[in-house]
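Quick mapping for you: the protein sequence lines, in order, are chains D and B.
In my numbering, each residue carries its 1-based index in the first sequence increased by 565.
In my numbering, each residue carries its 1-based index in the second sequence increased by 10.
No wet-lab data here; the hints were simulated from the structure.
Do not rely on the hints blindly, as some may be mistaken.
[Claimed, not checked] Pairs of lysine to any residue, SDA-like flavour, derived with a Cα cap of 20 Å:
id, chain 1, residue 1, chain 2, residue 2
1, D, Lys615, B, Ser40
2, B, Lys63, B, Leu34
3, D, Lys609, B, Lys63
4, D, Lys626, B, Leu34
5, B, Lys136, B, Leu26
6, D, Lys626, B, Lys45
7, D, Lys615, B, Glu129
8, B, Lys63, B, Leu39
9, D, Lys609, B, Leu35
10, D, Lys620, B, Pro130
11, B, Lys136, B, Leu35
12, D, Lys626, B, His25
13, D, Lys620, D, Asn632
14, B, Lys87, B, Lys114
15, B, Lys63, B, Asp48
16, D, Lys593, B, Met11
17, D, Lys609, B, Asp48
18, D, Lys615, B, His25
[As the list claims (entries may be wrong)] Restraint ranges, calculated between C-beta atoms of paired labels, are given here:
id, chain 1, residue 1, chain 2, residue 2, range
19, D, Val585, B, Val123, 23 to 29 Å
20, D, Glu644, B, Val151, 42 to 48 Å
21, D, Asn601, B, Ser14, 54 to 60 Å
22, D, Arg613, B, Val108, 44 to 50 Å
23, D, Glu644, B, Lys115, 31 to 37 Å
24, B, Asp36, D, Glu644, 22 to 28 Å
25, D, Glu644, B, Ile58, 43 to 49 Å
Note that CB positions come from ideal geometry on N, CA and C, so glycine has one too.
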Amino acid sequence: MKLGDQARSELLNAAETLNVYLEGNILKIIDTEDDNEFKNYIDKAIERDKETRRKRLEITKSIQSQNVELLQAEQKNIELMSELREALQKAEDAKNNAERDLDVIQKKSQFELIGIIVKTSLSIVVGVGIITTILYIVALITKQDTALLGNTWSSMFGILLTNCFSIIGTIMGVKYATENQPSSPKS
Amino acid sequence: MIESVLLVDDESLFHLVFEDACSLLDIALSLHSIKSADEAERLFKEYINGRGKKPECVFVDLNIMGSSIDGIELIRKINHVYGNGCVIGIISSSSDKVEIERAKKVGAQFWMVKSDEIEPRLSDFKRDYDGYKSRTAAFKVYS
Numbered sequence: 566m567k568l569g570d571q572a573r574s575e576l577l578n579a580a581e582t583l584n585v586y587l588e589g590n591i592l593k594i595i596d597t598e599d600d601n602e603f604k605n606y607i608d609k610a611i612e613r614d615k616e617t618r619r620k621r622l623e624i625t626k627s628i629q630s631q632n633v634e635l636l637q638a639e640q641k642n643i644e645l646m647s648e649l650r651e652a653l654q655k656a657e658d659a660k661n662n663a664e665r666d667l668d669v670i671q672k673k674s675q676f677e678l679i680g681i682i683v684k685t686s687l688s689i690v691v692g693v694g695i696i697t698t699i700l701y702i703v704a705l706i707t708k709q710d711t712a713l714l715g716n717t718w719s720s721m722f723g724i725l726l727t728n729c730f731s732i733i734g735t736i737m738g739v740k741y742a743t744e745n746q747p748s749s750p751k752s
Numbered sequence: 011m012i013e014s015v016l017l018v019d020d021e022s023l024f025h026l027v028f029e030d031a032c033s034l035l036d037i038a039l040s041l042h043s044i045k046s047a048d049e050a051e052r053l054f055k056e057y058i059n060g061r062g063k064k065p066e067c068v069f070v071d072l073n074i075m076g077s078s079i080d081g082i083e084l085i086r087k088i089n090h091v092y093g094n095g096c097v098i099g100i101i102s103s104s105s106d107k108v109e110i111e112r113a114k115k116v117g118a119q120f121w122m123v124k125s126d127e128i129e130p131r132l133s134d135f136k137r138d139y140d141g142y143k144s145r146t147a148a149f150k151v152y153s
């Protein structure tokens, strides 16, 4: 591309008075022919342009590299957050398991206690029943007076049966209440 | 010097790096940078319809975020749908051999690895460019 005389002199004047030069790829297509003054101007403009681009390239690269570092840091943060969430979930699961285990142990202890009470109570009930019955039978066989013993046996058997049902009812009630008790709110 | 270069890359900062590096190395007279493969497709549709002039050389990023197709598919379309006619290759931070083979199969002529120091690779590319233009140079990876 060849510039006219007026454009040429205005460009040279702008460079001399304002220190303003042409920039960019247009410099690569301007034909200076044998005009040494204009050739010097174009060479200087190309040199300035390259210097500007070199500086910009360095800055852009530095920003690009910082961007990469920021992205890597962000990725690391995401990974850490994910690990933290995982650890939190594991802790929550462990807590729930521990609470469940504790609940099971408590229930087991309660059932064991109930079992002991039931066994003891039934042993007493059955023992008293057997002893009274044996006494009653012995009295019958030996033809002793059984009026008092018979009434006692009858009353005692009634009382024992009532108590027996009472114990069974209590046990059933306790079992029902334990099974349907809502779990305590978790903090 | 290459008359016109088209860069298809979603990273705006790399547009500046590429433009300045090309200018400093006197690689291209004009450089047009766009951010999506869909925009590149639209441009090539215009070129085959006679609107505008096809770029002499095209650099395509492998993974172009926000585009419906990747760089390799774009190269396939340019080579097989939009009439070819330009030197075309991939510019990517990846150097995955599988992807390089894929690019080669669809007609990419080169693979340039994108990194902080792009100038030496562009300088080598400039030296090999005539071979790509005349279709005599073999596929090459600039890493």
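Hint check results:
no., hint, in the structure
1, D:Lys615 / B:Ser40, "15 Å, holds"
2, B:Lys63 / B:Leu34, "24 Å, violated"
3, D:Lys609 / B:Lys63, "32 Å, violated"
4, D:Lys626 / B:Leu34, "14 Å, holds"
5, B:Lys136 / B:Leu26, "19 Å, holds"
6, D:Lys626 / B:Lys45, "19 Å, holds"
7, D:Lys615 / B:Glu129, "14 Å, holds"
8, B:Lys63 / B:Leu39, "14 Å, holds"
9, D:Lys609 / B:Leu35, "17 Å, holds"
10, D:Lys620 / B:Pro130, "17 Å, holds"
11, B:Lys136 / B:Leu35, "9 Å, holds"
12, D:Lys626 / B:His25, "11 Å, holds"
13, D:Lys620 / D:Asn632, "18 Å, holds"
14, B:Lys87 / B:Lys114, "14 Å, holds"
15, B:Lys63 / B:Asp48, "18 Å, holds"
16, D:Lys593 / B:Met11, "10 Å, holds"
17, D:Lys609 / B:Asp48, "41 Å, violated"
18, D:Lys615 / B:His25, "17 Å, holds"
19, D:Val585 / B:Val123: 23 to 29 Å, "39 Å, violated"
20, D:Glu644 / B:Val151: 42 to 48 Å, "31 Å, violated"
21, D:Asn601 / B:Ser14: 54 to 60 Å, "31 Å, violated"
22, D:Arg613 / B:Val108: 44 to 50 Å, "46 Å, holds"
23, D:Glu644 / B:Lys115: 31 to 37 Å, "35 Å, holds"
24, B:Asp36 / D:Glu644: 22 to 28 Å, "44 Å, violated"
25, D:Glu644 / B:Ile58: 43 to 49 Å, "46 Å, holds"
Checked against the numbered hints above, the structure breaks hints 2, 3, 17, 19, 20, 21 and 24 and satisfies the rest.
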